[in-house]
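Novice: Build the full structure now, drawing on both the sequences and the hints.
Here is how the chains run, residue by residue.
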Amino acid sequence: MSSTAASPTPFVPAEIKHGSLKNERRWAMIGAYIALAVFVLFFMIPPFHMLMTSLKSSAEIADLSGNPWIVRSPTLSNYWELLTQGNYMIHFRNSVIVTVCTVLISMIISTMAAFALARMKFWGSATLATGVFLTYLVPETLLFIPMFQIVGSLGLYNNLWAMVLIFPTLTVPFCTWIMIGYFASIPKELDEAALIDGASHIQMLLKIFIPVALPGILAAMIFAFTVSWAAFIYPIAFLVSSDQMVLTVGIVSDLIRADTFQWGKIMAGALMAALPPLLVYAFLMDYYIAGLTAGATKG
Amino acid sequence: MAQVTLRKVVKAYEGGVQAVKGIDLDIADHEFVVLVGPSGCGKSTTLRMIAGLEEISDGEIAIGGRVVNDVPPRDRDIAMVFQNYALYPHMTVAENMAFGLMLRKFPKDEIKRRVDNAARILDITPLLARKPKALSGGQRQRVAMGRAIVRDPKVFLFDEPLSNLDAKLRVQMRTEIKKVQQAVHTTTIYVTHDQVEAMTLADRVVVMNNGVIEQVGPPQELYHNPKTRFVAGFIGSPAMNFIPGRLENGSGALRVHLPGDIVLNVPESRTARYAALAGKEVIFGLRPEHLTEEKNLERPGFARFPATPEVTEPMGMETLVHFKMNGAEICGRVDPNAPAHPGQPLAMAADLNNMHILDPQSGRVL
Ligand SMILES: Nc1ncnc2c1ncn2[C@@H]1O[C@H](COP(=O)(O)OP(=O)(O)OP(=O)(O)O)[C@@H](O)[C@H]1O
Ligand SMILES: [Mg+2]
Numbered sequence: 001m002s003s004t005a006a007s008p009t010p011f012v013p014a015e016i017k018h019g020s021l022k023n024e025r026r027w028a029m030i031g032a033y034i035a036l037a038v039f040v041l042f043f044m045i046p047p048f049h050m051l052m053t054s055l056k057s058s059a060e061i062a063d064l065s066g067n068p069w070i071v072r073s074p075t076l077s078n079y080w081e082l083l084t085q086g087n088y089m090i091h092f093r094n095s096v097i098v099t100v101c102t103v104l105i106s107m108i109i110s111t112m113a114a115f116a117l118a119r120m121k122f123w124g125s126a127t128l129a130t131g132v133f134l135t136y137l138v139p140e141t142l143l144f145i146p147m148f149q150i151v152g153s154l155g156l157y158n159n160l161w162a163m164v165l166i167f168p169t170l171t172v173p174f175c176t177w178i179m180i181g182y183f184a185s186i187p188k189e190l191d192e193a194a195l196i197d198g199a200s201h202i203q204m205l206l207k208i209f210i211p212v213a214l215p216g217i218l219a220a221m222i223f224a225f226t227v228s229w230a231a232f233i234y235p236i237a238f239l240v241s242s243d244q245m246v247l248t249v250g251i252v253s254d255l256i257r258a259d260t261f262q263w264g265k266i267m268a269g270a271l272m273a274a275l276p277p278l279l280v281y282a283f284l285m286d287y288y289i290a291g292l293t294a295g296a297t298k299g
Numbered sequence: 300m301a302q303v304t305l306r307k308v309v310k311a312y313e314g315g316v317q318a319v320k321g322i323d324l325d326i327a328d329h330e331f332v333v334l335v336g337p338s339g340c341g342k343s344t345t346l347r348m349i350a351g352l353e354e355i356s357d358g359e360i361a362i363g364g365r366v367v368n369d370v371p372p373r374d375r376d377i378a379m380v381f382q383n384y385a386l387y388p389h390m391t392v393a394e395n396m397a398f399g400l401m402l403r404k405f406p407k408d409e410i411k412r413r414v415d416n417a418a419r420i421l422d423i424t425p426l427l428a429r430k431p432k433a434l435s436g437g438q439r440q441r442v443a444m445g446r447a448i449v450r451d452p453k454v455f456l457f458d459e460p461l462s463n464l465d466a467k468l469r470v471q472m473r474t475e476i477k478k479v480q481q482a483v484h485t486t487t488i489y490v491t492h493d494q495v496e497a498m499t500l501a502d503r504v505v506v507m508n509n510g511v512i513e514q515v516g517p518p519q520e521l522y523h524n525p526k527t528r529f530v531a532g533f534i535g536s537p538a539m540n541f542i543p544g545r546l547e548n549g550s551g552a553l554r555v556h557l558p559g560d561i562v563l564n565v566p567e568s569r570t571a572r573y574a575a576l577a578g579k580e581v582i583f584g585l586r587p588e589h590l591t592e593e594k595n596l597e598r599p600g601f602a603r604f605p606a607t608p609e610v611t612e613p614m615g616m617e618t619l620v621h622f623k624m625n626g627a628e629i630c631g632r633v634d635p636n637a638p639a640h641p642g643q644p645l646a647m648a649a650d651l652n653n654m655h656i657l658d659p660q661s662g663r664v665l
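In the order they appear, the protein sequences are chains A and B. Under our numbering, the first residue of the first sequence is numbered 1, with each subsequent residue one higher. Under our numbering, the first residue of the second sequence is numbered 300, with each subsequent residue one higher.
Check the hints yourself; a few may be wrong.
Label-pair distances were calculated between CB atoms; the ranges are [stated by the list, open to error]:
hint : chain 1 : residue 1 : chain 2 : residue 2 : range
1    : A       : L279      : B       : K478      : 51 to 61 angstroms
2    : B       : K478      : A       : R25       : 51 to 61 angstroms
3    : B       : E354      : A       : G124      : 16 to 26 angstroms
4    : A       : S125      : B       : N625      : 49 to 59 angstroms
5    : B       : R429      : A       : I145      : 54 to 64 angstroms
6    : B       : A433      : A       : L279      : 51 to 61 angstroms
7    : A       : Y281      : B       : R306      : 53 to 63 angstroms
8    : A       : T127      : B       : G315      : 53 to 63 angstroms
9    : B       : K307      : A       : K121      : 46 to 56 angstroms
10   : B       : A327      : A       : S125      : 40 to 50 angstroms
For the record, the hints were derived by calculation from the structure and aren't laboratory data. The structure displayed is predicted, hence computed values, not measured ones. We put the CB at the ideal spot given by N, CA and C, even for glycine.
Specialist: Listed below in structure tokens is the structure:
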């Protein structure tokens, strides 16, 4: 220590150093805010345009003379008509059914699969874990024809339950993969302490492991929800009658007739369809970010 | 309360690693046994086999007279404290402690009574409503112990419970653990790699090395009568000095010849024991506290031991001096007032009443 202080290295005044650091910091902050503002603007323009359009009557949309970004005579008729006439509510209900079932099925399968792969070292478990991920890399479009044959032979063509069968094949591999990573980060001693405390494997899983692993499970859940809610390719190929359709397909097939686009309703329908994911994110995000494992171990 | 018996217990992990190579151990009811040994010697593996967290490859483990080889952990009636505490992070301190009792369907008021009692013993009553993340390391450690105490199990198992604490807290918690065990009298098996912890806590210490038990005995016995070079070197800090030398029969007395022309007379009490070794190459073992500044030379068994310290470490109540003899690192403990300076010859004395002679090949203490 003392030798360092006494060494004749050129002395740099502390103030200058301090000042430049502060300056650098300020510029970094300004840069970050500018980048963020551009980012937000860029991503908010489409929803804003949708909102404006959804509040216009067909006549106002068709009239190209005005500024497309403002509404002259706002109306809720698009929303009202969607909610009271046509099949929009049926599509909405179908989407909810398919998504809730898909999320439930995916969570049950992939939580158990991930627990087994992360915790129980059995012969080939590492290979299997990689294998699970590789199946996710197989493009949807490749699976199309075999899926079509399976669904057809099960008599589920044009049946929304086919989606409940198909979507988990998209979500389970990736959900399992996310959860393997998260589960592996939970100290093994936690399960062991529960087993010694007198828990059976099922009790340990339900009372200790799943509550502790909740952030990882919710991350996977958000993923499964998003995939299932936004899926387009399979529904448009497998569902043909309006009463079986889910939102993504229902909107584009019911509200577009030949070359007649009901833009106001399309926008209103899409905005309302975006509401559930928004709510899910808002509620789950807190959990998702807060690590619940804090305090289990030495910390 | 129960005795624990291990018979020829073997653990072979996949890939052929034999972590535990057939150990026999009898632990009496109420006894506090410490398993000690260097990293990787198989202590944790042994403890985890007793807990039922690892399968036994061969042999037999019995708790309270019942063979538990195929009994799952929850039916062994044991409690374990882990190195990283393993508290349930989503439960409060009280819930953490009550969890085991709730699974066993204890009545509510009994659970509350036991949790309150344990909290009082461990001095954590004000923390009962907190979550583990709001606790310090030492407090978490106490909760982990509380979780074990409330169960009132047959056996406590500890796996290095103090190694994540800072030095001062470790000493404090060490006393705490001893107090708790004396209060509840539960048979305890405690794993550590810290020989001071082993010495201070144990009724009996089990020294393990490389998957086998080197020696079992009360701390004082291991200290004064180690059976192998490993035990002699592992127990005690600073470690025992080992100096290669020769035993010679000269002018009627048995003598140890050490490098640097040091010749020491074996005290009469030991001559019979070592007589057969005359003329052989041996290893001479002496603890640092028996290598002091020059004193007591008039007493039997004390001999001059001149040396030139290379390093001196003043510890306050004593000064450690380090020097080399024929490549062997030697340490002595001298009075802080002794004229010990690096590079200057120092008159020292060896207390040969406490010497050891080891076989250089087998490492046995002879
Ligand atoms: N799951 C496992 N698979 C293979 N080998 C293992 C496994 N667990 C432990 N081992 C090996 O078994 C030996 C004993 O390990 P163990 O954990 O019992 O050591 P330890 O005495 O507790 O050491 P430490 O003081 O470092 O905790 C080590 O060589 C270790 O590498
Ligand atoms: Mg260990």
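Novice: Per the hint of 53 to 63 angstroms, is the separation of the Cβ atoms of Y281 of chain A and R306 of chain B within bounds?
Specialist: holds, 59 angstroms
Novice: For the range 46 to 56 angstroms, tell me whether the beta carbons of K307 of chain B and K121 of chain A fit it or not.
Specialist: Once the Cβ atoms are compared, 26 angstroms apart, the range 46 to 56 angstroms for K121 of chain A and K307 of chain B is violated.
Novice: Has the hinted range 16 to 26 angstroms been met by the Cβ atoms of E354 of chain B and G124 of chain A?
Specialist: holds, 19 angstroms
Novice: Just to be sure I understand the hint, the distance between the Cβ atoms of L279 of chain A and K478 of chain B should be within 51 to 61 angstroms; is that true here?
Specialist: Once the Cβ atoms are compared, 54 angstroms apart, the range 51 to 61 angstroms for K478 of chain B and L279 of chain A holds.
Novice: Between T127 of chain A and G315 of chain B, does the beta-carbon spacing fit 53 to 63 angstroms?
Specialist: violated, 21 angstroms
Novice: Taking the Cβ atom of R429 of chain B and the Cβ atom of I145 of chain A, is their distance within the range 54 to 64 angstroms?
Specialist: holds, 58 angstroms
Novice: Could one say that the CB atoms of S125 of chain A and N625 of chain B fall in the range 49 to 59 angstroms?
Specialist: holds, 54 angstroms
Novice: Indicate whether the distance between the beta carbons of K478 of chain B and R25 of chain A respects the range 51 to 61 angstroms.
Specialist: Holds - the Cβ-Cβ distance for K478 of chain B and R25 of chain A, about 52 angstroms, lies within 51 to 61 angstroms.
Novice: Hint says 51 to 61 angstroms; check whether the CB-CB distance for A433 of chain B and L279 of chain A agrees.
Specialist: Once the Cβ atoms are compared, 31 angstroms apart, the range 51 to 61 angstroms for L279 of chain A and A433 of chain B is violated.
Novice: If I claimed the Cβ atoms of A327 of chain B and S125 of chain A lie 40 to 50 angstroms apart, would that claim hold in this structure?
Specialist: holds, 41 angstroms
Of the numbered hints given earlier, the model fails hints 6, 8, 9; all others are met.
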